[in-house]
Structures are given as structure tokens and as C-alpha cells.
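Asker: Residue strings, one per chain:
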Amino acid sequence: MTESDAALDALVAREKQAMARELAPPPNGLAEVRLAAATAVRWKTLSYVGKAGLIALVIAAGTIGLNSRNERAVQARAGSAPAARVEAPASTATTTAPAAPTALTAPTAPLSNAEAVPTRSVEARATRVATPERVGAPARVDESVPTVAPIPVVAEAPHAPAPSDSLAEELALLRSAQAALRSGDAARALAITAEHASRFPTGALAPERRALERRARCRESAEPRPSDCP
Amino acid sequence: MNGSTATAERAERDAVRAVHAPAANAELERMYKTHYALVHRLVVRLGIGFAEAEDVTHNVFVELSSALAKRDEGASERAFLVGITRHVVMRHRRSLFRHIRRKLAMQEHEGEAVAADEHARREAARELHALLESLSEEQRVVFVLMELEEWTAPEVAESLGVKLPTVYSRHRAARLALGEALARRRARERSGP
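Residue numbers (our numbering), protein chains in the order written: chain A, 1 to 230; chain B, 1001 to 1193.
Bound conformation, chain A alone:
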């Protein structure tokens, strides 16, 4: 046996001794596995939505750029006629489906209707309806800002899928709690798990919620050494 063989064997023996301590599965480990399964697949879904949002944003930007020119032309033809603001259909502002596809499929107003032409900046509205931040997140109704009639769009995408079922809602809640916990905000994580508990007391992801709760409580009580917690 050469000198390097002997040195290697010594190193191997040392490593084995170091790694010999039996590693018991962490408490609630199985619940962690389930949560990881949920979030891992969710990430794939989000990437699809993200791609969809990005493509929709590009199409919307191009479309709105074209319509902006049309709008200016219509306004020029309409002269000083007052431009009325028209409430947009509720589906434009309140959809819980990915916002970008909905923006593409929103009912349209006839371009020739000069009274319905908005006075707000079209670009600003485009930002409001199709920013990536809104994709995949529940849209909020902004009561204080009157919405405007949708501009006709060139691309006609199929309608967004129906709102996801309670399992998807559970996933979304627990993912938020997990994100809060990772960012060190245990109190927020606890608030979200409490919301989950009240909305889905016997939900499919209840074990995952309990695991998150325990971790959040541990982190809260272990300050200033939260790294002691799982």
C-alpha cells in the first residue's frame, strides 16, 4: 500500500466516523415532504403562468401602442367633445385568474364610439392590468380609480381557466406562510397559518400547516437564535 493509499484510508475512516451519528428523520419530516411536493410542483405552475404573463405583456404592449395611435386619431376627429369615462366590466378588475390573459380577452368597446374613448393614459392602464406582479395574484378592485373602456385588442386568447379549487387556495396560503418564515417574519407566518386554519380546518394540507405553525412558533420563541429551529 502506498503512502497516498494509507492517507486516503485514514481520511475515509475519519469521514465515516464523523458521519456515523445516526440521523433520525426530523420531527414532522413527512409533513415537510408533503409541503415540498406541493411547493415544488407549484413552482412549475408559476413558471408557466410567468411565461404566459410575459408573452401577454409583450402582446398587450404592442397592441396598446397601436391603439394609442388610433386613439389620438379618434380624439383629433372628435375635436373638443367631452370624453366620458365608462366603467369597465367587473371581470376586467376582479378576476382571480392570471390577469394578463384576462386583459386580452376583456370585452371590447367599439373604437368608433368617440364618447367611450378614455382620457386616461393608455400606457398607464396597460401597466395596471398587465404587470407581471399581478400575474397569478388575486386582483384587487380599485374603487377610487375609475376604470376605462377596454381598448380593442388584436390577439384573442381563449378564456382563462375557472378559479382554482380549494386545494390551490390552500397551496397559495401555505406558500405565503413559508415565504414569510423564510424571510424571518414568524409573526406573519403564524397569521397566515391561522387564516388557513379558519378557512380550511380540515383541509388537505392541514398537516403541512401544523408543521409550519410549529416552526414559526419555535422561531418566534427562539429569538435571538432562530437557527436552533428546524
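Don't read these hints as lab results, they were simulated from the structure. Heads up, some of the hints might be wrong.
As the list claims (entries may be wrong) - On the chain A side, residues computed to face chain B include the following (Cβ under 7 angstroms):
#1 SER4
#2 ALA6
#3 ALA7
#4 LEU11
#5 ALA18
#6 LEU30
#7 LEU57
#8 ILE59
#9 LEU190
To be verified - Pulled a few chain B residues facing chain A out of the computed Cβ check, cut under 10 angstroms:
#10 LYS1033
#11 GLU1052
#12 GLU1054
#13 GLU1118
#14 ARG1121
#15 GLU1123
#16 GLU1158
#17 LEU1160
#18 LYS1163
#19 PRO1165
From a predicted model like this one, the values you see are computed outputs, not experimental measurements. Beta carbons: idealized from backbone N, C-alpha and C, even for Gly.
For chain A, the structure is supplied; the task is to place chain B on it using the hints.
Answerer: For chain B alone, coordinates are given in the frame of chain A:
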């Protein structure tokens, strides 16, 4: 576009339901309790840092939950797990995003309050793990299974789906490469900073 989103959402819900199905649950729980330590050791030895090892170990069992249905009943359970572990570890290491996360995790680990004995234990293992980085993945897994997990060569051959002479050949090459890497390291240490 929306069709693919809907498909992905359906796949997500199906995966979660599969993990929550009673039969899958029982089998997953049994394998989790039986093999957690083995998978955790393999994950570390195949190149995932201690800071990330638990997360990656869990990912192995996540993959396992969906792979259980496809498992060949005649195949060894440990061999099956090694295959999944290799796949998960390689995917993890390939990803640039994961690489950045690993760096961050290591930085976090430096400031982390780890118990003194745990720190010493990890340090003792790290020297060999650093040397293992000089091997190809194929050589590394053979070395880990034969030298560190003390599997026999036929067991390794079955697990990796390769012929026995291939296992011996990879093992020999791995030992040679590690011996040389160790000699270089010792020479650097002797020559000082």
C-alpha cells in the same frame, strides 16, 4: 398557453393528492423512516452542503412519492433510492439558481450558531468531501457506495445498472484520483500559505 397553465395546475393538484393518498402515505412513511439517514448521508457525500442537505433529502422523498408506482418490485429498495438520490442531487447541482442558493446558504452557515461538536463533525467530513469534488459523478458515486457506505461491488453494479468490471474500474480510478488530489493538498499545506 392557457391550456398548458391548466394542465400544470391539474398536475400540481394530482401530485399533491398522490402524496396524500392513504396507500402512498403508508409506503412513503415507512421508507422515510427506514432510509432517511442513508439518503441524507448520500446527499452530503454526493456534493450537497450540510446547510442544504435536509431540503435536498426531502426533495428525494418528494420524487420518491411519485416514483413509487413505477418501481420494479424485484429491485432492491436501496438501489431504487440511490437512483432517485443521484437524479435529485445532479439536478440540484446543475442549476445555476441552486448554485447561487448554495453559496448563500454557505455564507449563512458561516454565521450560523451550530453546536461545537456538530461543527467539528462537519469539519472532519468536509476534507474528504472537498476531495470528492475532483471526481466525475460516476466515479464519485461508486467510491461513496463502496468505501463510505460499505456496499459490495455486486450491490453497486445492480444499483447503478452497470457491469461488475465497470464498478471495479471506476473504483480503482476514483481511488487513484483521490490519492493524487490528497497528495497535492498535503504538499500545499506543507509549503504553507
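Asker: Let me make sure I understand: some of the numbered hints might not hold for this structure. Which ones are they, in numerical order?
Answerer: 2, 7, 8, 9, 11, 16, 17, 18, 19
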